[in-house]
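Using the working numbering, the first residue of the sequence shown is number -15, and each one after it goes up by one.
Please keep in mind that the hints were generated in silico from the structure rather than gathered at the bench.
Here the structure is a predicted model, which is why all the values come from computation and not from measurement.
A virtual CB, placed ideally from N, CA and C, is assigned to each residue, including glycine.
Do not rely on the hints blindly, as some may be mistaken.
[As the list claims (entries may be wrong)] The following label-pair restraints were derived from C-beta to C-beta distances: (1) His0 with Gln63: 24 to 30 Å; (2) Lys8 with Arg33: 17 to 23 Å; (3) Ser166 with Glu83: 43 to 49 Å; (4) Thr186 with Asn93: 31 to 37 Å; (5) Arg168 with Glu12: 44 to 50 Å; (6) Ala118 with Gly153: 35 to 41 Å; (7) Glu5 with Ala118: 24 to 30 Å; (8) Gln63 with Glu116: 37 to 43 Å.
[Said to hold, decoys possible] Derived lysine-lysine pairs resembling DSS-like cross-links, with alpha carbons at most 25 Å apart: (9) Lys138 with Lys92; (10) Lys157 with Lys182; (11) Lys182 with Lys172; (12) Lys8 with Lys58; (13) Lys59 with Lys29; (14) Lys(-9) with Lys58; (15) Lys29 with Lys157; (16) Lys184 with Lys59; (17) Lys110 with Lys138; (18) Lys184 with Lys195; (19) Lys92 with Lys8; (20) Lys138 with Lys184; (21) Lys(-9) with Lys29; (22) Lys92 with Lys110.
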Amino acid sequence: MGGAMGKIRVLLADDHQIFLEGLKGLLEPEFDLVGTVEDGRTLVKEAERLRPDVIVTDISMPLLNGIEAVRQIKKSNHQIKVIFLTMHPDVSFASLAFEVGASGYVIKNSASHELITAINDAMMGKTYVTPEIAGELIQTYMKVESGQKVFDQKLTERQREILQLIAEGHLTKEIADILCISVRTVEKHKYNMMRELKIKTTADLVKYAIKQGIVSI
């Protein structure tokens, strides 16, 4: 899809089909929409293939959440701009989003009038934060210790990926296939995770993932 010259190229990621359609209608007149994806793994692949200027992504997505996907994308292409579009008017999620290199944080219910501004701001090197949480976010940054850390950093990137897939109900064999690693490796990561977090059962592991915001219910 080669868009008109000079139009900002946008890749869109959201796992809600209806919302995705609405966003397409909103963005297509303004930007060159190069693709839409519905899970975090596809987002990582398509970002690599399509090289958009801006990614607009949800946080809660199947297979790999938006935060982890962006963390991976930014490693190989740190120029790419990212706007998180989410249901969570939650400062801990927002500070996490900016930690992984986001340029904007927009709440879904105010998306229609904020998203276009956020994309244009990002391209000018500015940061856009939804007004609902802007004040609170600044206060969070001013406090040295900003409460509980979402997405506990105790775990490695690979462990967090596996944790999300376990929490989504994938079996060990499926996880091994999705990540292209052996079943033994998956089991080893799971064992290490449970030891690290002092968790005894898979059910408790799932509870932990939900509490951490790694997977949404």
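Right, here's what the structure says about each hint:
1. His0 with Gln63: 24 to 30 Å: holds (28 Å)
2. Lys8 with Arg33: 17 to 23 Å: Because 19 Å falls inside the window, the suggested range holds.
3. Ser166 with Glu83: 43 to 49 Å: violated (32 Å)
4. Thr186 with Asn93: 31 to 37 Å: holds (35 Å)
5. Arg168 with Glu12: 44 to 50 Å: Given range 44 to 50 Å: holds, Cβ gap about 47 Å.
6. Ala118 with Gly153: 35 to 41 Å: holds (36 Å)
7. Glu5 with Ala118: 24 to 30 Å: holds (29 Å)
8. Gln63 with Glu116: 37 to 43 Å: Distance hint for Gln63, Glu116 is violated at roughly 29 Å.
9. Lys138 with Lys92: Roughly 30 Å separates the two Cα atoms, so the pair is violated.
10. Lys157 with Lys182: holds (24 Å)
11. Lys182 with Lys172: holds (15 Å)
12. Lys8 with Lys58: Judged against 25 Å, a Cα distance of about 24 Å means the pair holds.
13. Lys59 with Lys29: With a Cα-Cα distance of about 13 Å, the restraint between Lys59 and Lys29 holds, given a limit of 25 Å.
14. Lys(-9) with Lys58: Roughly 22 Å separates the two Cα atoms, so the pair holds.
15. Lys29 with Lys157: holds (22 Å)
16. Lys184 with Lys59: violated (33 Å)
17. Lys110 with Lys138: The given pair, whose Cα atoms are some 31 Å apart, is violated under the 25 Å limit.
18. Lys184 with Lys195: Holds, at roughly 16 Å.
19. Lys92 with Lys8: Holds, because 14 Å separates the two Cα atoms, which is no more than 25 Å.
20. Lys138 with Lys184: holds (17 Å)
21. Lys(-9) with Lys29: Status holds; Cα separation ~22 Å.
22. Lys92 with Lys110: holds (20 Å)
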